[in-house]
Structures are given as C-alpha cells and as structure tokens.
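J.: Below are the chains, spelled out letter by letter.
Number of protein chains: 2
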Amino acid sequence: MSHELFMRKALEEAAFAAEEGEIPVGVLITCKGKIIARAHNQTERLQDVTAHAEMIAITMATAALGGKYLNECTLYVTLEPCTMCAGAIAWAQLGELVYGASDPQRGYKRLSPPVLHPRTKVTGGILETECSQLVKKFFQEKR
Amino acid sequence: MSHELFMRKALEEAAFAAEEGEIPVGVLITCKGKIIARAHNQTERLQDVTAHAEMIAITMATAALGGKYLNECTLYVTLEPCTMCAGAIAWAQLGELVYGASDPQRGYKRLSPPVLHPRTKVTGGILETECSQLVKKFFQEKR
Chain Z
1 MSHELFMRKA LEEAAFAAEE GEIPVGVLIT CKGKIIARAH NQTERLQDVT AHAEMIAITM
61 ATAALGGKYL NECTLYVTLE PCTMCAGAIA WAQLGELVYG ASDPQRGYKR LSPPVLHPRT
121 KVTGGILETE CSQLVKKFFQ EKR
Chain H
1 MSHELFMRKA LEEAAFAAEE GEIPVGVLIT CKGKIIARAH NQTERLQDVT AHAEMIAITM
61 ATAALGGKYL NECTLYVTLE PCTMCAGAIA WAQLGELVYG ASDPQRGYKR LSPPVLHPRT
121 KVTGGILETE CSQLVKKFFQ EKR
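Sequences listed follow chains Z and H, in order. Just so it is clear: in the first sequence, position 125 is 125 by my numbering, and no numbers are missing. Just so it is clear: in the second sequence, position 112 is 112 by my numbering, and no numbers are missing.
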C-alpha cells in the first residue's frame, strides 16, 4: 500500500515533466518513511543528458542526508532506470528500488553482469499501467 | 600524438583529484581540437556519488555547446568509465572516447549488451601506465 502511495507522488512528478515537454519520468526518495527528495526529468530544459529524474533526486537526497550512501532509502521511479541511473543507484548503495513500468529497450535489467548493488532490494510493476500510459501518451502526442 | 597530449591534461586533472583526497580520475573534452571542458572526480568533496569527472565534464561540455549531444566531441578519461558514466556517454552520443587505464572490475566493457552508442569510436590504453599508477598509488597511500 505505501509503495502505491509514494509511486502516486512519483507519478505527479512525471506529470510535471510532461507539462514541460520532458519525457515523463518522476522520482521520489524516502528515508525511514519520510520523503527526502522528489524530481522529474529535466534533460530538455537543462539541455543535459545527465539530468534524469533519478540523478537529480540522488544528488538531492545525499545533500539532505549529508552523506553519499542511500542504503537506508527507497527510490520510487515511474520507469525502470536506464544504464546511467542504475550505475548511480549502485554507487549510492541504495536500500530499495521500486519502479513502475518496465523499459525493455533502455532499462538496466537487460545488462549482465547485474549492475545494481547486490543488497539493493528491487520491486517492479507498481502502478505499472499508469506509469507506462503516461510515457506512451507523451510519445503519441509528440508524433 | 594528440591523444597523448590531451591525455596528459586529463592526468593533470586526475592529479588535482588526488591532492584533494579524491580517487584520481581526470577528464578532458575536446570539440574540433579545442578543449571545451575539464574536470576531476569530486565525489568526496560534494558527498555525491554522481560527481564523477565524466559526469561533470559532460554537463560542462553541453553547457559550452548549448546542446545535449557530443557527437563531434572527444572525451579523454584517465580510467575506463564505469556503468553510470558509460550510460551518460551513450545518451550524449559521444563521437570518440579515449581512455587510459582499463578497469576490469568497475568498467563498462564488462557489460553486455554493449552500453555505448554504436557510433562512438573507442580507443583505450593511452598513457595507460601513468594513468593506472596514479590510481594504484592513491589506494596504497590510503591503506
């Protein structure tokens, strides 16, 4: 239940991205049940490929905590993270990753050997339909 | 020859990192033979796992060029990029990657399917001994 609650807030962030013409991906990071970071994709606004929602939120969360590791945190993201973001999640030794829609083309799950830290707990498919619909709708309107 | 010239400057950046107690990795980005970005690892100073030299330099280079793609650029890095940085290099559609020392444990080359953009030209082993010695020396002094 709480996974869905936080994923709804990540979806709100993704909707902000869509309004700004960004690929709609949103992220929320919690630590011991408290929200410490929220962000959405800003690659177009900043003209910077590194400005994915996960990257921005990880930087925010480590600033909030005053340390580089997120082993007591949960990161909620509407779309399965890409190679870059999974690499950052690994370095942060994230406690738990919860994502919405899968991304078979760009997602980190394709990669081998596995890229996440072995202790990171992963749950996929939370509000999957809503998360993937948001991305599909965005690209349909772009065409 | 010019690869070595630019790699020497990346090594200077790596040496700055070492002086600051950071894992010594340095990066230089050139566009049409002109240096447009240089950076070194700042993960300790910023307490941010995303602050690898490559990530900082990619953000700097896209700001300098006013666009997100680095297809006409060459990125020189003293150490083979990690998963995160390789993912960023792929999104940036980098023209050419030149690295010094290999990183069999953390480097992107372990990963399959390949993570870089198919058009990115890759050259490894430029000033390899100096690049790897800098990292080895750093960890020896840390112990």
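Bear in mind the hints are in silico, worked out from the structure with no lab data behind them. Errors might be hidden in some of the hints.
The list treats identical chains as interchangeable, and a pair is accepted whether it falls inside one copy or across any two copies.
No more than 27 Å apart at the CA atoms, straight line, and that leaves these computed lysine-lysine pairs for DSS-like [to be verified]:
hint, residue 1, residue 2
1, 137, 121
2, 136, 68
3, 137, 34
4, 34, 142
5, 137, 32
6, 68, 109
7, 109, 137
8, 109, 121
On a predicted model such as this, the values are computed, not experimentally measured, just so you know.
J.: Hints first: check each against the structure and report whether it holds.
T.: Comparing the hints with the structure gives:
With identical chains, the CA atoms of residue 137 and residue 121 are never at most 27 Å apart, being 30 Å at best within one copy and 35 Å at best between copies. In this assembly of identical chains, the alpha carbons of residue 136 and residue 68 lie at most 27 Å apart only when taken from different copies (23 Å versus 34 Å within one copy). With identical chains, the CA atoms of residue 137 and residue 34 are never at most 27 Å apart, being 31 Å at best within one copy and 41 Å at best between copies. For a Cα distance limit of 27 Å, the shortest separation of residue 34 from residue 142 qualifies neither inside one copy, at 36 Å, nor across copies, at 36 Å.
Proximity of residue 137 and residue 32 under a CA criterion of 27 Å is satisfied in neither setting, with 34 Å inside one chain copy and 39 Å between copies. Taking the closest pair of Cα atoms, residue 68 and residue 109 come within 27 Å of each other both inside a single copy (24 Å) and across two copies (25 Å). When the C-alpha separation of residue 109 and residue 137 is checked against a cutoff of 27 Å, the pair qualifies only within one copy, where the shortest distance is 24 Å, while the shortest distance between copies is 35 Å. In the homo-oligomer, the alpha carbons of residue 109 and residue 121 lie at most 27 Å apart both inside one protomer (14 Å) and across protomers (25 Å), since each shortest distance falls under that limit.
This entry does not satisfy hints 1, 3, 4 and 5, going by the numbered hints stated previously.
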